[in-house]
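Using the sequences and the hints, build the whole thing.
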Amino acid sequence: MNPALLIAAPLLAAFIAVIFKKIDKVVLGVVAVGNIAYSIVMAVLFTGATQIAIGGFAPPFGISLVLDSYSLIGILLVNVAFGLILLMGTKLVGRYGIVLAVSLAALNGIVLTGDLFNLFVFIEVAAISAYIMTTMNKQLKHTFNYLILGTLASGLLLFGIAVLYNMFGSLNIIDIASKLAISGVSAGAMVLPIVFIFAGLSVEAKLIPFGGWVRGVLKKSNSLVGPLLVTGYAAAILLVFGRLTSTIFIMSDGLKIALTVVAVATLVLAEFTAFSKKNLREVLLFSSIAQSGLVVALFLNGLTVAAILVLVNNVVSKLVLFALSAKIADDTGTDKISELKGVFTKYRVLGVGFTIAAMSLIGLPMFFGFVAKAQAVMSLFESGNLWLPAVILLVSVIEGIYIIRILTTLWNSGKEGQVPSKDAQKEYKLNGFVKVSIVALVIGVLIVAAGILPITNIKEFLSSDFLSFITRSMGGV
Amino acid sequence: MITIIISILIALGILVFAFLWQTTLSGITRKIVGRYQKRYGPRFYQNFRDIFKALSKRGITHGWVYSFGVIMAVGGIMATVMFLPLFGIVPFPGVDNFFIYVYLFAVGMLGMAMSAVGSGNPLAGIGVMRALTQMVGYEVPFMIVVLAMIYGHGTSSLSELAAIQQTSGFLSWNLVKMPIGTIVGFICLLGMLGKKPFETFIAPAEIASGPMVEYGGKQLGMLMIMHELATFIEISLFVNLFLGGATPIVFGETTVLVGLSSVVGFLLKYSIVYIVSALISNALGRFKIDQVIKYFYKVPIVLAIIQALIVVFLGWGV
Amino acid sequence: MSKKERAVAKRKKKWDGISNFFRANSIWMLMYCTGCCAIELPQAMTSKYDMERLGMGPMATPRQADVILVTGYLSVKTLRRVIYAYEQMGEPKYLVAFGPCTINGGIYYDAHPVIKSLDQYLPIDVYIAGCMPKPEAVMNGFQDLIDMIKRKEANGWRKYQENKEWYRENQIHALGELRIKDEFHE
Amino acid sequence: MGISIGVGTIIVGLLISAVLAYVLTKINKTTGAWVTVLAPFLALAAVFLLRDSIGTTYSLFFLEFELTEYGWFFSMIMLLVFACVSFFNVYWMKKMVHPAAYNMLYLLALTGTLGAFMAKDFIGLFIFWEMIVWSSMFIIPFGKSRKASVVYYAFSALGSLAMLYGIFYLYNAFGSFNIQEVLKLAATDTTAALVAFITIGIAGMVKLGVFPFHLWLPRAHGNAPDTFSPILSGGLVKAGGFAVFLIAVVMPSYEAFATQLQFMGVSITSYIFILFGAVSIVVGTLMAIKQDDFKKLIAYSSVANAGYIIIGLAMTDALSVGGAFMHIFAHALASAAAFLAVAAVSHRTGTTKMSELGGLIHRMPLTYLVYLIAIISMAGIPPMAGFISKWMLFQSMIDNGMVFVATAAFFGSIGSFLYVFRPLSAVFLGQLSPKHYKVKKAPVLMMIPMIILSGLTVLFGIFPNIVLRIVSRIQTSVGMEGLQFDGTKIIGSNGSLDPTLIVVIFGIGFMIALVIFLLHPKSRKVELMDTYTASEFIYTPELLHYSHSFYAPFERLYKNAPDTSKWYKAILKKVSEIGGFVSYAFFSSKPRIVVFWIVIAMVALLWGGSV
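Chains as they are written, first to last, in numbering that gives the first Met the number 0: chain A, 0 to 476; chain B, 0 to 317; chain C, 0 to 185; chain D, 0 to 610.
Relax, there's no trap hidden among the hints.
In silico DSS-like pairs for lysine-lysine, Cα to Cα no more than 27 Å straight-line:
1) A:428 / D:94
2) B:297 / D:558
3) C:3 / D:521
4) A:277 / D:568
5) C:2 / D:521
6) C:158 / D:524
7) C:76 / C:163
8) D:440 / D:93
9) C:47 / B:37
10) A:219 / D:572
11) A:218 / D:573
Keep in mind the hints are simulated off the structure, nothing from the lab.
Structure below.
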């Protein structure tokens with residue numbers, strides 16, 4: 000099974016679409032479905048971690064892709080999210096079919112690649128397609144802002160990679176990692192490349208204060224771009240974080256603390272910001288910034304399993320939440336929470352999907368989010384960290400408040416101080432909500448299923464082969 | 000079973016005695032107050048006349064709760080009296096808990112409040128409001144002092160608390176052992192009795208006698224009986240808690256004589272407390288209700304806490 | 000009247016006798032101080048004459064009172080109130096009228112809003128003479144009332160019950176409307 | 000019957016009936032509502048039958064259950080309240096926008112409480128604990144307020160996440176989730192015990208509504224649908240007592256903190272908890288006195304009563320814990336009954352504002368009696384169950400010489416006369432407003448649960464030993480000294496109480512009074528408006544009804560007292576402001592500002608990394 004196909008197929012589709020413009024949507028759809036199917040097949044047939052050379056040169060000299068369970072989760076996540084977003088927002092694809100195909104290729108590339116420069120290229124490609132996609136929002140000023148910051152980020156990333164290349168004479172991540180292990184480079188020497196790479200990635204991962212572009216771009220994004228940026232892109236970039244922290248980020252204590260501070264500050268401040276916002280999409284985008292912060296913090300503390308769980312939870316629930324919010328905003332013309340009172344009274348299935356996703360996001364038990372949060376807290380305890388769990392839990396109170404504020408408002412019409420009644424119901428009209436509802440509901444069922452089943456015994460879940468394999472495969476290969 | 004019946008009979012005896020004694024004493028006090036005001040005053044049995052007159056009249060009723068409340072009030076207060084130890088005779092030994100008096104008493108109060116407000120008169124409502132508000136004032140400091148006492152003596156039984164004070168004459172009275180507490184107790188007693196300056200809830204010239212505004216006829220008569228009994232409970236509580244209860248005034252070998260003199264001792268103390276409170280009442284004006292609360296939460300409660308802390312931490316007065 | 004009923008009546012009479020002993024010696028007043036005669040009541044109540052030795056005392060509301068004192072002239076406006084108060088009292092109840100104003104209007108005999116003879120509207124048990132009556136007269140009047148109660152002659156309330164229509168007619172005639180909606184505001 | 004009923008069966012049954020209720024309500028609203036009546040009753044019967052199989056464990060999928068003595072006790076209370084309240088659901092179906100969801104969530108809340116009480120491990124406890132939170136969180140906005148639900152969630156989340164912290168801390172320390180096992184181990188380790196005590200204690204305090212976490216109660220109880228307020232106050236709140244019981248007694252805290260500074264007979268940690276209880280008694284009482292809304296008043300009274308419960312549990316001697324249990328039981332019955340009376344009034348009149356009601360005794364006499372019995376119990380007056388618990392608690396307080404706590408408790412106890420009397424006076428007594436002339440009696444089906452609850456309140460006020468013997472068994476089961484009895488007498492530390500005797504004597508007193516009453520002339524019945532007005536003619540009943548700002552002179556004295564809700568609002572405002580600042584400063588649409596921050600951050604990181 001060659002994972003390169005996951006990158007090549009969308010690229011090919013993009014070329015086909017350039018030539019046959021009329022069938023671009025069909026091609027895109029076929030590729031998306033194909034990618035999902037292919038990645039599932041790869042997951043089923045997965046035997047062990049491998050490094051696949053591309054172009055005939057064996058690593059570390061040539062470009063290589065890494066297929067381990069870590070990237071497997073990544074490609075599953077990215078492709079499924081991409082497919083679902085496409086399914087929900089088919090109508091919005093319009094002239095952007097080619098860009099979407101390219102972005103799918105790039106995202107797969109980001110997740111799979113084992114080569115730093117290759118990573119840079121994929122990130123660049125993904126970013127460029129993101130710039131183009133965000134023009135859909137018709138907020139060109141913000142797109143321009145994104146463009147500038149994205150370019151800066153690429154520059155920083157490239158500089159970091161260049162320093163690493165200068166130090167080790169290699170661009171292959173695993174190669175560098177093994178050289179690090181042998182040569183025993185001092186942590187102090189690694190500060191410069193790490194900070195630059197971290198900064199470069201943080202712009203895309205939206206950490207505070209690097210991700211300044213995100214508010215303008217996502218605030219008004221439609222149900223195609225928005226979910227894609229907060230789920231597919233975020234997942235891919237965060238997974239890169241994980242791969243780098245566990246391999247080549249040999250950090251001094253000071254740097255580790257500094258980076259953790261950035262991540263935790265992102266978590267706390269972004270939750271605070273989300274709390275202060277009144278619009279659905281704005282709340283959700285800041286919430287996803289916060290989750291990025293949490294994921295990065297977990298990665299920095301070496302808690303890969305927990306980080307992945309939190310990431311998966313965030314991607315899955317944000318996918319539903321953001322898509323539905325954008326959908327509601329597109330159709331009703333507003334995403335102000337107070338103006339959407341009782342919108343779910345009419346669209347109940349939609350509401351159920353939204354609710355389950357939201358409850359998973361805040362980590363209530365019986366939903367997948369709880370497994371993730373419990374894992375995060377428990378593994379932090381195991382690593383002897385007592386303050387970070389407290390921060391996470393306190394912050395999730397704030398998170399809960401704004402999420403519940405949204406839920407109660409969206410489920411119930413009626414003025415404050417009055418019992419909601421059917422007469423006071425405001426009329427909402429959503430177009431083509433059936434497809435969206437079904438997707439939301441299916442994801443909801445999956446979230447609940449994933450929430451109930453693994454609880455069997457968290458300890459057992461933790462030591463199950465599937466995940467321990469990730470942990471093992473992360474370090475060396 | 001037999002013991003219970005005997006106990007109940009004793010209790011009924013106490014009830015009858017309480018009514019006769021307090022009603023007579025009320026009459027005497029009216030006379031004394033009359034003299035105090037340079038009047039002749041009524042006959043000493045005037046209160047009996049008032050009560051029976053009221054009972055014989057044909058009053059009105061405002062619905063079932065108006066009458067039911069009165070019955071509940073009288074019943075509750077009677078039950079409280081029946082638990083009281085008198086002259087060292089305890090009808091129900093072991094269960095004459097201080098808290099029973101406080102809370103069983105509340106049954107009567109609740110009944111009366113219910114009935115008064117059930118009359119539909121707003122003045123009754125205001126009166127009840129004032130009575131309850133005042134209760135928050137006097138009840139808390141009183142209970143704190145009693146807390147100190149129970150903590151110190153290790154029992155909450157009223158008869159045992161009285162018995163402890165009878166061990167070594169005057170010096171073992173709580174009046175001596177807990178002087179601050181006794182002062183608080185007496186101020187609270189004035190509040191309980193509704194004597195001036197704590198007469199806010201009756202205030203005839205202001206709210207037309209408050210809860211009593213709509214009563215006439217037998218309901219009024221029953222409430223007057225209740226009032227006499229309630230006064231008996233409050234003063235006996237004070238005498239038993241602070242003044243040593245039924246202490247003999249004659250000492251000697253003859254048990255009968257000592258016993259009789261202890262009866263006289265109790266009644267004497269009782270009379271003094273009641274008459275003094277009546278005289279104070281007639282010498283003072285009336286507080287406003289918020290002044291009452293402010294007063295109780297400034298002076299008596301602080302004194303009460305001081306007394307309690309002295310007992311709990313210093314162990315004085317045990 | 001059957002034998003049983005007669006027995007009941009007899010017993011009732013006996014009880015009434017006992018009751019009247021208490022009633023006579025415990026008279027609670029409702030002072031309806033409309034006119035100048037009211038100024039004599041403080042005298043009668045306080046240390047000089049000490050009404051309390053007769054078992055009398057002031058009360059706050061008509062419900063509690065046994066006797067209503069109409070101390071002087073009554074205007075049309077006040078008569079309504081007196082009637083209202085009198086009807087709220089529990090039975091047996093008595094009415095003591097002070098001064099000539101309650102008999103024939105006294106010095107207000109030619110004033111159009113003043114009620115001339117009160118006994119047309121309410122049954123009066125005792126009149127007290129004097130304009131104003133001296134405290135001695137007041138005390139004397141009360142003593143008379145007590146004696147009347149003891150002799151079961153203070154039956155004004157019964158008269159009022161029995162001749163309700165007649166009284167009502169007079170009341171309506173004088174007042175036009177017994178219970179007015181409101182004179183000033185609502 | 001061959002079928003053995005286990006806890007698992009009950010839980011699954013309830014879950015299934017929740018779904019069933021949802022489906023049936025979609026088909027027919029009334030049928031669905033009847034499911035919510037039947038299911039708790041069946042569960043009640045089932046749990047009652049499980050009395051003999053205490054100590055046995057059950058497992059359901061991945062969840063482990065163990066039926067403990069205290070779990071059984073709490074479950075019975077909860078089921079009793081749920082079973083009684085559910086009759087009201089039938090009448091509320093028409094008024095709801097989401098009746099099906101309501102019925103389902105109602106039963107889920109019940110499942111959650113039962114699961115939490117019977118969970119064997121902490122994970123199960125937490126899962127069900129949160130299930131209570133979210134199921135009730137969705138029900139509350141069906142009432143008058145959406146904000147109330149958010150406030151409720153905010154506090155609950157604070158509590159449950161504190162508990163989660165504690166659970167994982169204990170797991171990390173002792174490697175197990177088993178409640179009994181972990182708590183026993185924690186008792187030997189002061190630090191772990193302290194963490195457990197504080198974190199799980201906070202969860203309990205939040206749920207109970209102890210100061211400073213009391214603010215959700217008036218909001219949630221006051222604004223929840225009328226049928227759900229009794230559940231919240233009578234039922235769900237008591238789960239907090241369960242949590243506090245776990246850490247205070249099951250752990251047991253007196254062993255764990257034996258090395259701490261002892262103050263007033265308890266460790267300083269427990270004493271701080273007790274102080275919070277004392278403050279909440281005072282705050283709850285003062286605030287309840289102020290309220291004009293009937294439901295908010297009872298909600299604040301629940302705050303005050305939560306104070307007694309936590310004091311009793313934290314004092315950890317036999318009488319105090321017994322008292323706390325009795326109080327949980329008595330208050331559950333009484334507050335549920337009181338809230339049901341409110342619901343009945345609200346059902347007939349459409350309002351719960353006391354200043355708009357009055358004189359309803361002439362239209363709803365039975366509802367009045369139910370409320371009367373409830374408040375007598377709440378105020379701790381004999382012969383109701385509430386008196387027994389208060390007496391026991393006072394005994395303990397005096398025994399330990401807790402002057403300040405007792406001051407608060409006495410204040411709360413006497414203050415409760417004030418606030419419980421106000422609705423009695425303003426809603427049921429006084430003048431009947433003409434707009435309520437046509438109000439009818441409460442429907443029969445509403446009367447059934449109310450009478451059951453009142454009957455039980457009276458029954459256990461007369462024979463409290465029925466309950467106290469169970470409590471005593473609970474105490475011995477967790478290694479405490481049990482309560483002492485002598486026939487109908489309860490033996491206290493400095494005196495004993497014979498509730499049955501009190502009732503007998505009260506009965507005698509009442510009979511004497513009745514005889515006196517009957518011997519004398521029959522009274523003349525007059526209209527309510529025929530009342531003393533200084534002979535002024537007044538025809539407007541509202542003018543003669545004293546209900547608006549009832550305790551005005553008293554309220555005036557503390558009108559400037561600090562408002563706790565302002566503190567929270569200030570915190571949230573600060574959070575919002577920081578958020579606004581972050582949004583403004585870091586998420587600017589001007590690239591140069593973001594670049595500036597990036598440079599700053601990188602310099603900081605480089606500096607931090609090289610340190």
